[in-house]
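There are 2 protein chains.
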Amino acid sequence: MSHKRSGILLLVSGPSGSGKSTLCRRLTEEGEAVYSTSCTTRQPREGEQDGVDYFFQTRESFKKLVEEDKFIEYAEVHGNNYGTLISEVVEHLEKGTDVVLDIDVQGASLVRECQSEIIQQALVDVFVMPPSEEELYKRLSGRGTDAQEIIDLRMKNSVEEMQYWNKYTSLIYSGTHEEDYAKFKSLLIAERLKVSRLIQA
Amino acid sequence: MSHKRSGILLLVSGPSGSGKSTLCRRLTEEGEAVYSTSCTTRQPREGEQDGVDYFFQTRESFKKLVEEDKFIEYAEVHGNNYGTLISEVVEHLEKGTDVVLDIDVQGASLVRECQSEIIQQALVDVFVMPPSEEELYKRLSGRGTDAQEIIDLRMKNSVEEMQYWNKYTSLIYSGTHEEDYAKFKSLLIAERLKVSRLIQA
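Respectively, the protein sequence lines represent chains H and C. Under UniProt numbering, think of the first position of the first sequence as 1, with each following residue one higher. Under UniProt numbering, think of the first position of the second sequence as 1, with each following residue one higher.
Each hint should be verified, as a subset may be incorrect.
[Stated by the list, open to error] Derived DSS-like pairs (lysine-lysine); straight-line CA-CA distance at most 27 Å:
| hint | chain 1 | residue 1 | chain 2 | residue 2 |
| --- | --- | --- | --- | --- |
| 1 | H | Lys167 | H | Lys185 |
| 2 | H | Lys167 | C | Lys63 |
| 3 | H | Lys4 | C | Lys167 |
Please keep in mind that the hints were generated in silico from the structure rather than gathered at the bench.
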């Protein structure tokens, strides 16, 4: 019996203000998981390298990848396309590396429909929920410099996204960052103990 | 939506020398989970209280409880009977209290056959595995005062029990106590995040 195991795909959603992106970033900074390099149609910024920061695509090459079902999920943000390649994620998973995917509720539902068996077996999903609308409002207006209508729009979007918590297997009610991170990391550690992920050698 | 949830029944097995009992004890001492009070036919020792330390039973009353399917699991140890009542465990679970059950592989298979739906929904099982037979031997002979044949018998029993690891959902390869406990507690914390355990109020 070997200690080797296949990687986990940790899918994390939660409204703006839930703190999910900070949780994901810390997990990667501590070396517990990696982000998969995404494809995008936006222009490279200074210093960005193709294949490192992103796989830069033309509209046409991106569209072709969509048509060939190469993406776990893809979306348009501010007029640019972004997508996560199945092949990139699978490469990490097969090495036993855990991958974290910071994604909205629409993207998450695309991931759940992905036909790749490796992806589905690796998948663990969690929703990060702000503790209350009052606290969420505080967090979304906390930057201090934004116009009221911008804050109101963020708030509306976040409250809408909050309704999807019950599509997820696990739920973190956001408290302090340290509390949230302890729970978040426990999810990953517990998944690593699963006998079903062990690879017999 | 309420934050209330039903309790978890954490079933822990592993050979003598795996350190599982120390893990369970620490979890209860830290207030993360409780032991369920067991029934026994052995005589009360000085200071032991009926209904606190054990529910003391006669052979006849114990046998009746077995026949009436009142136990999650029961076993004979050194000529005395011990059993865990379904009703006791369910009472904790319904209050949202997590229960830890330190149990051998035979007991664990009885728990898996238990007909109570509440028990089955609450069940999370983990096997604690000594890192190697060499390390196990060191641990089992470590007490220093035991005869060789006693150590050999313990060793034989533990190696036999080690074969059952793949009946469990999760597996902890025992390292240091701190490493093991971090994993063990993560299992419980991760289970508490499950949406399926939330009680809508």
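Here is how each hint holds up against the structure:
1. Straight-line distance between C-alpha atoms of lysine 167 of chain H and lysine 185 of chain H comes to about 21 Å, which keeps the hinted pair within the 27 Å bound.
2. Restraint check for lysine 167 of chain H and lysine 63 of chain C: the C-alpha separation of about 46 Å exceeds 27 Å, so the hint is violated.
3. The hinted pair formed by lysine 4 of chain H and lysine 167 of chain C meets the criterion: a straight-line CA distance of about 18 Å does not exceed 27 Å.
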